[in-house]
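Numbering-wise, the sequence shown is residues 1 to 82 according to our numbering.
There's no promise every hint is true.
Said to hold, decoys possible - What follows is a set of in silico ranges between Cβ atoms, one per label pair, in the way DEER data are often shown:
id, residue 1, residue 2, range
1, Asp76, Val44, 43 to 49 Å
2, Gly9, Leu45, 37 to 43 Å
3, Gly34, Glu71, 18 to 24 Å
4, Glu74, Ser31, 42 to 48 Å
5, Asp76, Lys6, 51 to 57 Å
6, Ile13, Tyr39, 26 to 32 Å
7, Lys25, Val78, 32 to 38 Å
8, Leu45, Glu71, 18 to 24 Å
9, Ser65, Asp15, 23 to 29 Å
The hints are simulated quantities; they were obtained by calculation from the structure and are not laboratory data.
Quick caveat, the model's predicted, so the values are computed rather than measured.
Built from N, CA and C at the ideal position, the CB exists for glycine as well.
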Amino acid sequence: MELENKEVGLIDILDVVLDKGVAIKGDLILSIAGIDLVYLDLRVLISSVETLIESNKETAEKLSSKQFDYEKEELDRVIHQS
Numbered sequence: 001m002e003l004e005n006k007e008v009g010l011i012d013i014l015d016v017v018l019d020k021g022v023a024i025k026g027d028l029i030l031s032i033a034g035i036d037l038v039y040l041d042l043r044v045l046i047s048s049v050e051t052l053i054e055s056n057k058e059t060a061e062k063l064s065s066k067q068f069d070y071e072k073e074e075l076d077r078v079i080h081q082s
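Put together the whole structure using the sequences plus the hints.
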């Protein structure tokens, strides 16, 4: 099977990333003279909301806009009672 270079557009890459999802993890340490000054633990998840909901049906209700609206109304009610 012969492999050849194919042009891939940005839209094609985004389509695959949002359809399947991508998780990226990395560490960044800034140091001077061997002394660690800053440590960053980087974690990124790129996916569409639909893909996340389909991947975990148990959390589908927690991610719904109705649930967010309900929680916002409850928060507003508690704030106004104070």
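Discussion item. Holds or violated: the 18 to 24 Å window for the beta-carbon distance between Gly34 and Glu71?
Written reply: Violated: the Cβ-Cβ distance is about 47 Å, outside 18 to 24 Å.
Practice prompt. Can you let me know if the beta-carbon spacing of Ser65 and Asp15 is within 23 to 29 Å?
Written response: 24 Å, holds
Fill in: Pairwise beta carbon distance, Gly9 to Leu45, judged against the given window 37 to 43 Å
23 Å, violated
Worksheet entry | Cβ distance range 43 to 49 Å for Asp76 and Val44, holds or violated | 32 Å, violated
Worksheet item: If you check the beta carbons of Asp76 and Lys6, does the distance land in 51 to 57 Å?
Response: 53 Å, holds
Worksheet item: How does the Cβ-Cβ distance of Lys25 and Val78 compare with 32 to 38 Å: does it lie in that range?
Response: The hint (32 to 38 Å, Cβ to Cβ) holds, given that Lys25 and Val78 are roughly 36 Å apart.
Item to complete: Please test the hint of 18 to 24 Å on the beta carbon pair from Leu45 and Glu71.
Response: The hinted range 18 to 24 Å holds for Leu45 and Glu71, with Cβ atoms some 22 Å apart.
Worksheet entry | Range hint compliance [Cβ, Glu74 to Ser31, 42 to 48 Å] | Given range 42 to 48 Å: holds, Cβ gap about 46 Å.
Worksheet item: Between Ile13 and Tyr39, is the Cβ distance one that fits in 26 to 32 Å?
Response: Roughly 31 Å apart at Cβ, these two residues keep to the hinted range, so it holds.
The structure fails to meet hints 1, 2, 3 from the earlier list, while all remaining hints are met.
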